[in-house]
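**Q** Protein chains in written order, with numbering that gives the first Met the number 0: chain A, 0 to 109; chain B, 0 to 267.
Be careful, since some hints might not be right.
Unchecked claim - In silico SDA-like links for lysine to any residue, alpha-carbon gap of 20 Å or less: (1) A:K4 - B:R36; (2) B:K249 - B:I214; (3) B:K130 - A:G10; (4) B:K56 - A:K4.
As the list claims (entries may be wrong) - Derived contacts from chain A toward chain B, CB cut-off under 10 Å, selection only: (5) L8; (6) D26; (7) I92; (8) L93.
For the record, the hints were derived by calculation from the structure and aren't laboratory data. Beta carbons are placed, not taken as given, at the ideal position from N, Cα and C, and that holds for glycine.
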Amino acid sequence: MDFTKLDQLVGGNDDRRGAYLTMLNEDLTATEENLSEAIKHVDRERIRSIVHRIRPQLAFYSMQEALQCADNIQLVYENCEQAMLQTRVDQLILYVRSARQQIENRNTPG
Amino acid sequence: MFGLPGSKSKIEIPLGSMKVMNQIKCVIIDDDRFVRRLLSDRLMMLDDEVEILAEAKDGLEGIQVILEHNPDLVFVDVEMPDMTGFELLSRLDQIDFQVIFITSYKHYAIKAIRFNALDYLVKPIDVDELKDALNRYRNRIDHASHHQAIQAAVENVLTADPGEQRLTFYVGQGVERPKLKDICYISAEGNYSTLSLTSGNRIIVSRNLGDFEEILEDKGFFRCHRSYLINKRHISGHSASEIQMVSVDKIPIARRKKTAFLRWLEEG
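All chains, full assembly: derive it from the sequences and hints.
**A** What follows is the structure, encoded as structure tokens:
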């Protein structure tokens, strides 16, 4: 994850920085939960919509691997085999979880 | 100071009111709160003449804020859960504001937007692209033409028959909006392209042929030569090296394009 763009945007304002990171954390949490639910029901359109929704933040924070995975899902979600979709979605969930962990670590003093 | 006594106030324009003249009243419509916040922060940072009147999180709310605030400029997401940005615009009786679409990377709608020479920003909003879009907004003198282009984009999205869809170009002081079915072929002239219409008229625009190929390839057009893009609707016959158009014009086929041309022709 890269916070350069965020730092340029908020210019040292910790409150604004915190607001963006809280939003990111909440949206990543929602993404993880919603993806788990959608893949359980093999709801392909919902998976596409969840991925589409989180993509701007993945790009803004330069989460390259997650971004590639998200783009790949958007490319194949309609016609790929269920097992393949499951693998991709599981992979994205792992990236999302890891990003949340990074945010939490940054927020933990010491 | 010249002028009659008491006329001073008519000559001097207070600085405050000049600023109001330059002010851009905006609304932002996007279902993603991150994008709304990012765009709003970037706008405030970039330009102190931009005033954000309201934000909306979906299409219906978007219609309300437009009607309520009468903005100069609307940033609208192409894809929202309740409706597309185009549908939103189609539900308004009158479009008397400018529009900048917000869209995802490689979204199919980018083609539709470029088709009508409209502006768009790709998420997450890049600061330089936003700056350029605001400059284009300011430099656009003919706002009426831009409103026509938006109207054309909306009509295109609502028109199922590609032949009835229109391209929009700003030419000189005016705007040209030919229907696709009325374009016979497009030829390259350096950095310019010439559209040859069935009426016999020609429109010269400062766009390269590759641009047209990209937006028209799935609408009955084919690049048969590096200098020509032809409309299938107006082919009357062909030989091994030339295509005869319904008009008297003959268009060359590049040798390496021959097989692809024949395949495309058979596709119906």
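**Q** Okay, which hints does this one fail, numbers in order?
**A** Numbers 2, 4, 7, 8, in rising order.
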